[in-house]
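**Student:** Spelled out, the chains give:
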Amino acid sequence: MPKITYITHDNNTHTIDVQNGLTVMEGAVQNDIPGIDADCGGGMACATCHVYVKEEWLDKLPTKDDGEEDMLDMAFEPKQNSRLSCQLIVSDELDGLVVNIPSEQS
Amino acid sequence: MNKKDVLIIGAGPTGLFCAHQLGIIGLSCEIVDNLDKAGGQCIELYPDKPIYDIPAIPECTGEELTNNLLQQIKPFNIKFHLNERVEQLKKIDNRWHVRTSGNKEFDVASIVIAGGVGSFEPRKFPVKDCEKFEGNSLFYSIKDKKIFKNKAISIFGGGDTALDWAIELSNTSTVNLIHRRDGFSGVESSVQKVKELNDQGKLNLYTKYQIDSFLGENKIDSVKIKHDEGEIKEIKTDYVLGFFGLIMQLGPILDWGLNINKKKIEVNTENFETNIDGIFAIGDICSYSGKLKLILSGFHEGALAARGCFKYAKPDEKLRFEFSTTSKAAQERLGIKK
Chain A
1 MPKITYITHD NNTHTIDVQN GLTVMEGAVQ NDIPGIDADC GGGMACATCH VYVKEEWLDK
61 LPTKDDGEED MLDMAFEPKQ NSRLSCQLIV SDELDGLVVN IPSEQS
Chain B
107 MNKKDVLIIG AGPTGLFCAH QLGIIGLSCE IVDNLDKAGG QCIELYPDKP IYDIPAIPEC
167 TGEELTNNLL QQIKPFNIKF HLNERVEQLK KIDNRWHVRT SGNKEFDVAS IVIAGGVGSF
227 EPRKFPVKDC EKFEGNSLFY SIKDKKIFKN KAISIFGGGD TALDWAIELS NTSTVNLIHR
287 RDGFSGVESS VQKVKELNDQ GKLNLYTKYQ IDSFLGENKI DSVKIKHDEG EIKEIKTDYV
347 LGFFGLIMQL GPILDWGLNI NKKKIEVNTE NFETNIDGIF AIGDICSYSG KLKLILSGFH
407 EGALAARGCF KYAKPDEKLR FEFSTTSKAA QERLGIKK
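Protein chains in written order, with our numbering: chain A, 1 to 106; chain B, 107 to 444.
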């Protein structure tokens, strides 16, 4: 199973096995990793599953569609490497992905 | 004081259908919602986006669903209290007394919380201590646009609200529009208009900039904005407007003594009552084993919660199960003439 590493704002590292097909958001929510709210439940309709992706992974992720970029406008302190974790579907290619969780989601 | 059988908190699809179910079994209710219109997330987050999983409706938008639900509850003449957030809850002689942010009071036998993920509130600047400017030189919505006349205004955001106000205020004020990227989420015609105004010098557009800090003692005198590459600019400004959309917050409901787990209210699946007698929770806000965050699940939960409300509203009567197709009483309540 691919391993995804979530680094929370207080620098705690959580490395979790996440099943292929789940999203990075679901991996966090199902494993009680703090800091991912996912208010809308994965519908790209809020910006509360916002994460910062480690630079070396940026090119390996599926590109953002317009809706995601629009929602990131609403995120707390968006940066160049911001993504909505509900739009990142876990697969073998993402094995080892590292994301940082922002200090707040709203 | 509004005296009714039930108060519904939240005018999203789940709350609206619960009102229908209450009406059909002969209970009265009123609905409170913090937004300025009914529809909840359907209207606020995705009015134009299609929904494909409402039973017997192959496809509809959030707006159509809301309008149909409103049409369906029309016979019950339900009173809506919009732009109101519930604040205080008290139990007096087996009845619940609720007060809202606008000081409206309700006296009800039971309460149905259909609050989604919480009430919608404006998303604020992520800058420390900026609350002190809120209401005097920092705003998240516009109530009186006259105060901006001949002033310098810095607008942050890239959606329709930011673009529309930038265009409108550029007629009478010096407008700076600041957005974190080159693309905008607002409609293309507004984006073009803003770019035109910028080219004509009637508006100053700063893209790839975000807020760094606010300067000023009691009022904002200027803002510092920071470019993606790190460069910082200081802009003189009298007012700052932030339009970053809305977030959802549970708010005062958190303090009501309900069992809350991960921002969700725990309920039983028999009638969706919470740990407090007479308070029910349905839709996205409730949690139980097997919960699905679907609108259709909210409808089911609302139908059962409505029946759960009956014993509190009419303790001496027994509720008999009836079909709307054949129930004379239900049809009378729906105003159907034969």
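In short, the hints are calculated from the structure, not lab data. Some hints here could point you the wrong way.
Claimed, not checked - Within a straight-line C-alpha distance of at most 30 Å, the following computed DSS-like cross-link-like pairs (lysine-lysine) qualify: (1) B/K196 x B/K368; (2) B/K397 x A/K3; (3) A/K54 x B/K249; (4) B/K424 x B/K155; (5) A/K79 x B/K314.
**Student:** Hint by hint, which ones does the structure fall short of?
**Tutor:** As far as the earlier hints go, 3, 4 are violated by this structure, in ascending order.
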